[in-house]
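Engineer: Here's the letter readout for the chains.
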Amino acid sequence: MNNFQYSRASDVADAIRLLAADPAAKLIAGGTNLIDLMKENVERPSRLVDISRLPLRDIEETADGGLRIGALVPNSDLAYHPLIEQRYPLLASAILAGASAQLRNMASVGGNLMQRTRCAYFYDTTTPCNKRSPDTGCSAIDGLNRNHAILGTSRSCIATNPSDMSVALAALGALVHIAGGNGERTVALTDFHRLPDDKPHVDTNLGSGEIITAIELPPRGFARNYSYLKVRDRLSYAFALVSVAAALELEGNAIGEARLALGGVAHKPWRKLDAEAALRGQAATPDHFGRAADLLLQGASARSQNGFKIELARRAVVRTLMQAANATPQSQAHKKIA
Amino acid sequence: MADTSDQIPERIPIDLVVNGARRTLEIAPWTTLLDALRDRLELTGTKKGCDHGQCGACTVLVDGRRVNSCLTLAIMRDGAEITTIEGLAKDGALHPLQQAFIDHDAFQCGYCTPGQICSAAGLLAEGRARDADEIRELMSGNLCRCGAYPNIVAAIEQAMSRS
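Those protein sequences? They're chains S and Z, same order as listed.
For the first sequence, my numbering assigns the number 1 to the initial residue and increments by one for each residue that follows.
For the second sequence, my numbering assigns the number 1001 to the initial residue and increments by one for each residue that follows.
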């Protein structure tokens, strides 16, 4: 780990000011990803701005019936919060599918959105990586790419976003509240993360000197018909090969509203509105779910080792939508897939 | 007013309450809680396994919650209460989890055991595990390369039933 300066921000404005004063400074909250990357010399901040004591830990109801979640709420506290368990169980389930109990106790909601890819080449400073060192090349494209993206890739980067929480937030239509030197702004979660194009070193649309202050959930929680299914190489504490967040509103067997997002397959949570639109008004059947999966996966392309993900994702989408339709959501403790 | 000097400080004073005792030490900002415990406070019960948050051997309780001490900076825990494996026994009596690990022979080499027991103490305090599957899932952050998992689960079930 490199030597660095340490500042404890006294409030959000102070954190923004400290960031503005030092372009190589980084915010730290839970630290679970940043400290790991600093130990690997992937991240070398000149200064850490400690925001962990700022008062951004509230979970409050909004005027329209949604929830506003402070950026520093630990992942575990969010997953186990009564309002999340009751109204947004898809989000609770996705959070509990990720990491370990210790890491969830440490990791913040805002930090979860900022976590970086687990591409092995990104971590290995002896190899070229456009995300770590721009314009050095991508080692994964013709290398070990079994875990890599099948959607939204570029010639520069085929890394995936590792977050489970973000996949559920994308499906739920969450908003990200941001503060910066020019005031406050709000972006949709689906516009927060970027595709790699020719700038894979930029993961998100958060500007330099900006800070996430809260996540907002809209009123619709899909608490009856939802499921989060995560397919991975071991049963717990592993990143997704493919994960699916599915949520439905049913009128009888007919689909009123549908939400669908994929994890483990792209540089950001993968949601396509036309796949959801194709489900509205249809019967909740495997055929219709398969058609939505095809739309969601349109344009998928594989490298040498990750071709299996395309069919795996298709089947996982159908299975997860069936679990949602049957109101039998995937348990994150009892691992048998219903 | 936050410090914006360009000087990189190597000795910043912090206070920790470790196993009930207040400890003041001067540390560099890049010192992890794990290294502060082991190298500065000589509490070597907490183990360094992977040093990347993947194995759980470094698990301790911070303000009652289980965390990976290798992935947290000591300076960020200024003022916190830390409980390590050395602090679980009370008045000469083993913590129920320590006794349960002995009763069930829940270890072989023992290297992961302090982290397993601190993690299990956190799990009991959280109150979220109700059966063996849930124990397995909520202990998945603690690896045991000897493969003592069946006995670890049995030990935690025993401590859970008696708490």
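In case anyone wonders, no lab produced these hints; they're calculated from the structure.
Careful, some of the hints might be misleading.
Listed below are the simulated EDC-like cross-link pairs for lysine to aspartate or glutamate, each with C-alpha atoms no more than 16 angstroms apart in a straight line [claimed, not checked]:
1. Lys39/S / Asp14/S
2. Lys336/S / Asp233/S
3. Lys272/S / Glu184/S
4. Lys335/S / Asp233/S
5. Lys199/S / Glu216/S
6. Lys199/S / Glu184/S
7. Lys336/S / Asp1035/Z
8. Lys335/S / Asp1133/Z
9. Lys335/S / Glu1134/Z
10. Lys39/S / Asp135/S
11. Lys336/S / Asp1133/Z
12. Lys335/S / Asp1051/Z
13. Lys39/S / Asp1131/Z
14. Lys272/S / Glu251/S
15. Lys1048/Z / Asp1063/Z
16. Lys199/S / Asp124/S
17. Lys39/S / Asp1035/Z
Which stretches of chain Z does chain S cover? Using the computed rule of at least three CB atoms under 8 angstroms from a CB of chain S, they are [claimed, not checked]:
18. 1012–1020
19. 1026–1034
20. 1039–1050
21. 1090–1102
22. 1154–1162
Residues from chain S that face chain Z, not an exhaustive set, calculated with beta carbons under 8 angstroms [as the list claims (entries may be wrong)]:
23. Gly31
24. Ser139
25. Asp142
26. Phe239
27. Glu311
28. Ala333
29. His334
30. Ile337
Where is the CB? At the ideal position from N, CA and C, for every residue including glycine.
Engineer: Looking back at the numbered hints, which does the structure fail to meet, lowest number first?
Structural biologist: Of the numbered hints, 1, 3, 5, 6, 7, 10, 12, 13, 14, 15, 16, 18, 20, 21, 22, 24, 25, 26, 27, 30 do not hold.
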